Amino acid sequence: MTDKDQIFNGMKDEFSSLRSEERAEYLLEKVAELYAIINSQQAHINKLEKAVYDSELFFNLPEVTLMTRSKLPRVLIDANDVVPVGDNFYEAEAYGGGGHYRWTGPERLNNFHVPVDRTQEKTLRISIVNAIKPEILNSIKLYVDGELVSYDFEKRNEGIELIAALPVSSRAQDTLISLFIPHLFSPSEVKPESSDNRKLGIAFHKLEVL
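Heads up, the sequence shown is in the numbering used here, so the first residue is 1462 and it goes up one at a time.
Here are the computed distance ranges between Cβ atoms for each label pair:
| no. | residue 1 | residue 2 | range |
| --- | --- | --- | --- |
| 1 | Glu-1475 | Gly-1607 | 57 to 63 Å |
| 2 | Ser-1630 | Asn-1658 | 39 to 45 Å |
| 3 | Asn-1541 | Gln-1634 | 23 to 29 Å |
| 4 | Ser-1656 | Ser-1631 | 47 to 53 Å |
| 5 | Leu-1489 | Pro-1653 | 38 to 44 Å |
| 6 | Gly-1471 | Ala-1497 | 16 to 22 Å |
| 7 | Gln-1502 | Val-1629 | 49 to 55 Å |
| 8 | Leu-1609 | Lys-1465 | 42 to 48 Å |
The list that follows gives simulated cross-link-like pairs (lysine-lysine, DSSO-like), each with its CA atoms no further than 30 Å apart:
| no. | residue 1 | residue 2 |
| --- | --- | --- |
| 9 | Lys-1594 | Lys-1508 |
| 10 | Lys-1491 | Lys-1473 |
| 11 | Lys-1660 | Lys-1602 |
| 12 | Lys-1652 | Lys-1508 |
These are calculated hints, taken from the structure and not from any lab test.
Since we're looking at a predicted model, the values are computed, not measured.
We treat Cβ as the ideally placed atom computed from N, Cα and C, and that holds for glycine.
Input sequences plus hints: build the corresponding full structure.
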């Protein structure tokens, strides 16, 4: 006999032993118990879903396609370059003396396929104009070809630079540089007077490998 059958038979016996005027109240109590169990389980599910969302362990880096193009000694990717808006960047916005930036979002992972020659050690510099919240900067995870790497920050006149060393590599593929930003916020969450509901991470200015 299955658990379902046992529960059914137990309730059937209880129901049969009740007077007719007690049966409606009995059914209401069982329905209330069921709703209480469902609500409790849903709260647990919501907690697990949030834990999954907040964890970088559950995102997948894309396969790096084998490229036949030549590798370059220096690569510069600017926010004003042609980047599809749907590729986890919003539209380019102007700032300063002719510069541009793009907010990352609405997802947490940004990938750059960089055709750089790594027969010698290189330096990666990522210029960041702003962050939707200051604490986001210290939560950034940087991956190179799927490997977590350390980095430093240097203050600039406008914003900061994320700086990391790229070791020598003989890979034929483009170098895959990935920025993982665990938490995104909308301007309306940061400033209640704002009506901007876009999920934003950092304001990306440029990426340079040299």
